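Peer 1: Below, each chain spelled out in residue letters.
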Amino acid sequence: MAQRMPAPIRLRELIRTIRTARTQAEEREMIQKECAAIRSSFREEDNTYRCRNVAKLLYMHMLGYPAHFGQLECLKLIASQKFTDKRIGYLGAMLLLDERQDVHLLMTNCIKNDLNHSTQYVQGLALCTLGCMGSSEMCRDLAGEVEKLLKTSNSYLRKKAALCAVHVIRKVPELMEMFLPATKNLLNEKNHGVLHTSVVLLTEMCERSPDMLAHFRKNEKLVPQLVRILKNLIMSGYSPEHDVSGISDPFLQVRILRLLRILGRNDDDSSEAMNDILAQVATNTETSKNVGNAILYETVLTIMDIKSESGLRVLAINILGRFLLNNDKNIRYVALTSLLKTVQTDHNAVQRHRSTIVDCLKDLDVSIKRRAMELSFALVNGNNVRGMMKELLYFLDSCEPEFKADCASGIFLAAEKYAPSKRWHIDTIMRVLTTAGSYVRDDAVPNLIQLITNSVEMHAYTVQRLYKAILGDYSQQPLVQVASWCIGEYGDLLVSGQCEEEEPIQVTEDEVLDILESVLISNMSASVTRGYALTAIMKLSTRFTCTVNRIKKVVSIYGSSIDVELQQRAVEYNALFKKYDHMRPALLERMPVMEKVTTNGPTEIVQTNGETETAVLETKPPHSGLQPGSQANDLLDLLGGNDITPVIPTAPTSKPASAGGELLDLLGDLNLTGSPVSAPAPQISQPPFLLDGLSSQPLFNDIAAGIPSITAYNKNGLKIDFSFERSNTNPSVTVITIQASNSTELDMTDFVFQAAVPKTFQLQLLSPSSSVIPAFNSGTITQVIKVLNPQKQQLRMRIKLTYNHKGSAMQDLAEVNNFPPQSWQ
Amino acid sequence: MIKFFLMVNKQGQTRLSRYYEHIEIHKRTMLEAEVIKHCLSRSKDQCSFIEYKDFKLIYRQYAALFVVVGINETENEMAVYELIHNFVEVLDKYFSRVRKREYRAEDAVKQRCSFSAYSLGQHCIYSNYYLVN
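Chains A and B supply the protein sequences, listed in that same order. Those letters in the first sequence? Residues 1 to 825, by the numbering used here. Those letters in the second sequence? Residues 1 to 133, by the numbering used here.
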């Protein structure tokens, strides 16, 4: 026979013992020992001490140790007749059991019996447990009992039944109607407990079902009843039973206000009925203690949510303003939260409190700071943007890192919307980049670049400031990326010291290259940043005059870089130096101004032409109805035409032969060689390009040609030759390369070639290689024209030439009719 | 909606815990440890509402005991703040000198039972502390 175990220790002993444990391991040991004892005790089916053991088990469960083996024991306790057993059993059921365990269904019968027990406390226990963890099956079975108890006169039971009903409705929404008749009289009770729980029940019903909500509004006249109860609460004198710091039952008041909010939302009649009481509560409640403020807070929330009259709303916002001035942090926090909710609808009213809100930015508390920051951003408008930005920038300086990213993004957005001047905008961006440079989000960089490009007159100033910023410190990646890009684009402005806005600094080309090279070499630079730097160096090869060799050297070094991205770029740039040097200037020239388009619609891009930013390629209005339009790039209405990004022939230089075909592939999705600088920028404005592949100067392997070239113009020493190529993949496209040469003894400068074609054609002119034709035929200007000829009509063209020669401006018009048939058939 | 109700002492030992949503047992201990860490790191002049993950914590310190309630956004924070105080007063009345003694062991069970009666399923039933079972 197994020996009788000694009586298990009481719960309090256990707790004392556990508290003496000094380490986690000791505690675990004690608990395991006790668990073992409990388990053997359970096995013995010992009725006397079951209650005690389960209590201990529950305590251990609370500390975080597994206790599932006690579940069945809980059931046995529930089934027992002793109240103390039942009590622990139900408690255990609430804590250990839930729908996931199949065991819980066994409880249903017990609960049913206990719901009909003679003692109210037992009934109460059963209701409690059902309301805590009843599953949907249990609720379905027992809903009838609960409903019956909801109608009793015993207030102790009534309030528990109401809460149990809430749980039943949550689990089985279809049963909601069953409880409807019982709710009729609930609010007539005097007992606050019943009132409170009834309000909870009504709230739950109204939230779940719009039909119920409508029903309560119209038929039950719920609002007047609630108003009456609330009024009694406020007006009644001191009642010791319900008093909390001088206010009578604030919890009930808050609940009623919340229900009123639900009833009044979007409903004029109800809102009107409650206007008075809300005003009364708002004005009469004592604000010296937290309780009063809690009620006021709920009132304000209700006022803002229903269709209240404007006077009431102003009252609410004033209350919030008062809260803001309160010293108590909790109240300030709550005020800021509510103001954030209301700023959309009552913007002006909230603006009045702007200075207080801005002060909250300096608060020590993190939650308050965050709220104040969000609210400040919501309050920025055209009038206060300068002042607000100053505060926000100061905040950005001093705030915790977790805020910096959000703050930076917020500042960018606000600056974009409300910037009073371009210079201010750029200064603000610079400030953000320098203070919180590493927290700026990645998508901000292309947006910034676009912004800088578009502020044409600020280029010199911007590049100078950016240069100075990274001179000292080039660890903040977004800053370095933007700076490298700008230096690459506007390096010539930097070196020539053209800045108007501030003192121009003296920088040599070598110094600029020094800094870019350090970025390349530095360990702190991310791969993307290095890409930016390399591309910038490459672009400078056309803008700088004395350091081209150095640039060539740098680029060739990276041709064997481990980073594949860098390597590809370097190799392609190298190829550009070696084989396509004549195209280099055209490829690397200044980026045009970009329009910011949010949709993929047609864009209007002004194409730039070398140093003069705005050479618009016009077409003359011809008598034969040639193509009008001031933008030469409206080819097919789809193209941005901004293809002069440093796009490298995407075919790697190992297979030049096929490159021609690929490049002429109109529908190619040839990626713009991972030059993220150029990619995001044009892609903001561009839809799928049709002439993607043709964007780079195509390799005119003469294999594809075989079309004879013509002399289109020859006068006054200026000769223009056309040579042709047809695309293999798209026969409607003809690519014409013009070569302009000058046989006089003086150079022709500022040469601009313009062309127009008949209406059925479409034309795109790419940038020329330069605008100076040297004398004595010692060099030529090359330019590419793409003609789309879908109807295969005979190609005709009118050309206009303007240039400076021998000190005077020359201009000429001509028509070109001698296109060979192979060029258009 | 109240998600959980905790009473934890300064050393991180849980004195009372009541969860109204299902959370696995080992996650509970982690949650409690993190919560108490947050509360301990607050200074006296910071507000009692902490934004934690996707819900809010409201805490109140009574000598060596922290009472922490986790709520979602539908609750009135200040009302819950009052509720905490109310509950502690109830315990005080019932078990005497709760704050001082961090209450005694044998009261633990009674106290949990009473708490369950006090707040049935995420809602506070009453403020009338004479009627606590």
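Check each hint, because a few of them may be wrong.
As the list claims (entries may be wrong) - In silico EDC-like links for lysine to aspartate or glutamate, alpha-carbon gap of 20 Å or less:
#1 B/53 to A/402
#2 A/184 to A/174
#3 A/341 to B/21
Worth flagging that the hints you see were computed from the coordinates, not collected in a lab. This one's a predicted model, so the numbers in the text were calculated from it and none came from an experiment.
Peer 1: Hint by hint, say whether it matches the structure.
Peer 2: Hints, one by one, checked against the model:
1. Pair hint residue 53 of chain B plus residue 402 of chain A holds up; C-alpha atoms about 14 Å apart against a cutoff of 20 Å.
2. Proximity of residue 184 of chain A to residue 174 of chain A is assessed by CA-CA distance (about 19 Å); at most 20 Å being required, the pair is judged to hold.
3. As the CA atoms of residue 341 of chain A and residue 21 of chain B are separated by approximately 28 Å, the hinted pair breaks the 20 Å bound.
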